[in-house]
Amino acid sequence: MEFGIFVVFAALALAGSLTVVLGHNPVHCALGLVLALVSVAVFFLQQDAQLLAAVQVIVYAGAVVVLFLFVIMLLGVDREETLHEPIRYQRPAALALGAIVLAEVLFLAGRTWATGTPSARGPLEEDAGYNNIETVARTLFTDFLWPFEITAALLVIAVVGGVVLARRSGQPAELVDEGDAATGESGTNAGSSPSERAPAGGPALSRMAPPAASERDTEAAS
Amino acid sequence: MIAQADPQELVTPTVDWLAIGPEIALAGAAIFIVLLRSIVRRGPWVYRASLFLAIGGVVAAGVLLGRQWNIVRDDGAIDTIAGMVRIDGFGVFLGAIVVAATLLTVLLASAYVERERLEGPEYLALVLMSATGMVAMTTANDLIVVFVALEVLSIPLYVLAAFDRRRLASQEAGIKYFVLGAFSSAILLYGIALVYGATGTTSITGIADFLAANTLLEQGVLLAGFALVLVGLGFKIAAVPFHMWTPDVYQGAPTPVTAFMSSATKVAGFAALLRVFEVAFPTYREDWRPVIAALAVLSLVVGSVAAVVQTDVKRMLAYSSIAHAGYILVGFAAASVGNRDAAARGQEAALFYLLVYAFMTIGAFAVVTVVARRRHDARHDLDDYRGLAVREPILAGLLAFFLLAQAGVPLTGGFVAKLQVFAAAVEARQYALAIVGVLAAVVAAFFYIRLVVVMFASEPEPAEGEEAVPRAAVEPGTGFVLATCAAITLVIGILPGTFLHFARDATFLL
Amino acid sequence: MIAALELTANHYLVLAAVLFTIGAVGLLIRRNVLVMFMCVELMLNAANLTFVTFARELDDVGGQAIVFFTLVVAAAEVAVGLAIIVAIFRRRRGATADDVHLLKG
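Respectively, the protein sequence lines represent chains A, B and C.
In terms of the working numbering, the first sequence has 114 at position 114, counting the first letter as 1, and numbering is strictly consecutive.
To convert, count from 1 in the second sequence and add 222; that's the working numbering.
To convert, count from 1 in the third sequence and add 732; that's the working numbering.
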């Protein structure tokens, strides 16, 4: 039974990840990603990681992939990608690399992988009647307290970074390069007409005082 | 791990506040800046106040690191927070370089941000957050802390690289750095997973204890694990063949950010690399030393040769930073031989090189920041430097000094650093590495001196249709950065004794 | 008869390695930045599966706690990464990721 579940979801995970890699439409790729992530969540459940299975579905399938889809739709890039390859030997090289890694994995497949000391940070199921959530939580707040605190910094960074990048500004007059010119590449700066770039009421940053952005921007920030 | 008398009670680990003081100072300053920005919203003084907070935070972190240094020297290393943090001379030394580089970056950015009309407070907050991650990385005693700290230092850098929204090159740099950075951290994580499986722990000292006590019959998983860890960290230190992002990102990112990336990020990357490999995997030295040596040779050759053909100054400095990573790797390879004296010498050389390199490179990029003002930091052609010595003699003189220091001319810190690395390689009987290093230095001297010649020998071309270039009045912050970098590079070159002594105290092999 | 086959940790570990390889190869062969980014997520997930499997195999709660951090990191990366992508695409609207000269030089 357990093996049967594994086989089914392993097939789904592989199908999903291959869709991500081979799909021509980004929306299909995102859906393939969901399939792979949910299958992995099933494997988590099979291996006594109930909390992580739930978090996996909520955070990944619920938030991350939705964000992906949102960006795909927002940018209107849900069309087929050209398969033109700018770097000549990259694709064969990547496939060769993959083959080597896979060969090594198969070489290792029949052997023991987990050779370490068991229960270095405490057993998975404690006797005192803790469930998986309590066990993980206890470890997070004791052994892993320091990385846990550092991840707080990560969330602040994500908020500041997201706001500062996604805020609208930069009127055409302010743009100081054509992008390609700076990297010495000839290419078309497709469709960068001013009308598209200047947002309605989009603020230009004040010349004298950089932090003094407009009201709208600061509202986005707060 | 922790005794649990009452199952309901959560016994949290003891926290040595001094040990994490620098991180708290840096992150605290960043959070105050974000709060100030979001509560006060407008007014030119917000940026001034942010700058003040940032400098205060960095200086406080520096003072705390000095205090840590004294304690560590007297009482030995401190392990705290359930063994996740290890404060030792190595960590404090590299943390101090990171903090110094952060201070210089903040000062360098103070004028740049206003000049290029970027969002100052956010910029400072992100630099401080990145520095937090770097300092956490230098004292990390657990692979998970290495991973999380790596993300904390990298994610702000992705944003900072893309910070100049008026330049597409900056945004391309951001996205390129981001994709390759995320790729490398995924590789690092998988490597950590394999090491975890093979040893049962992610603690760096725990892995060392495990490997010292047990002989693995099947080493495949462990070897694959630390190969992947090496690849993941190799991206961060920009060693060939994991360097492909470096030229574009260094070129496209705002120049003060490039200065920060090339100095502090490299220091943090090497901190993790040295600690993980020297502390956790010393029993497998013979397996990984050839790989480190190969990376060193490749970085030296590719970095030096590719820099010669560059016509963009920032790109040239990017390749030169790859070559410098090669020299540090030579020291690292020397540090991984069985002979303890030679190994300590190699580690000392690597640490010393990182110290000197940080100041040389920030100095060079500081001059580039000033020179690039008239092009809005968008282009840094070699031609822009033609006749710089006539227009801006002091600036040209400083740049020439930093370039000659990077080339390893005597009486500069760069010379002593290179000498140390070569001496360590010879002592460790890594003659081939020493020879390749010397040859690479000869090739590298060519492109450094070429830029110097361009600045000094050529007459400025009569610019037609171009307005007369105004003399760049160097802002006080930038002036301080230039003076500090030049002074330290010079002092290390003339009187290296004290600094070598510090580097020696910082090795963990003695 | 399927039930008779025994499910071992190696099944999960090999599957995770395969997923990791697919993600890595995908990242190298694709040109679309969004898809490359999805491939990174696949790789992180393969690492997570490896951690959970080892946690089970070693009966160690540490492996599960680590996955928690990976999830946070992935979420932060997604937020920032998509913000960069939105910023760049907004500026060259209508461009595909091919126009972003990724991996050049």
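Read the hints as simulated data drawn from the structure, not as lab findings.
Remember, predicted model here, so these are calculated numbers, not experimental data.
Yeah, the Cβ is synthetic: ideal placement off N, Cα and C, and Gly gets one too.
Some hints here could point you the wrong way.
Said to hold, decoys possible - To give an idea of the chain B side of the interface with chain A (calculated C-beta under 10 Å), a few residues:
1) 297
2) 300
3) 382
4) 442
As the list claims (entries may be wrong) - Which bits of chain B does chain A cover? Going by a derived footprint, with three or more residues having C-beta under 8 Å, they are:
5) 362-370
6) 420-429
7) 659-668
To see whether the hints hold, each was checked on the structure:
Below 10 Å, beta-carbon pairs count as interface contacts, and residue 297 of chain B has none with chain A, the closest being about 21 Å; its hint is therefore violated. At its closest, the beta carbon of residue 300 of chain B sits 13 Å from a beta carbon of chain A; the interface hint therefore is violated under the 10 Å criterion. With its C-beta approaching chain A no nearer than about 9 Å, residue 382 of chain B sits inside the 10 Å limit, and its interface hint holds. Annotation: residue 442 of chain B was flagged as interfacial toward chain A, and the flag holds, the nearest CB pair being 5 Å apart, inside 10 Å.
Look at the segment 362-370 of chain B against chain A: 4 of its residues bring a Cβ nearer than 8 Å to a Cβ of that chain, three or more, so the hint holds. Note: the segment 420-429 of chain B has 6 residues with beta-carbon separation from chain A under 8 Å; the three-residue rule is met and the coverage holds. Against chain A, the segment 659-668 of chain B contributes 0 residues with a C-beta closer than 8 Å to a partner C-beta. That does not satisfy the three-residue criterion, and the hint is violated.
Violation of the numbered hints given earlier is confined to hints 1, 2 and 7; the remaining hints are satisfied by the structure.
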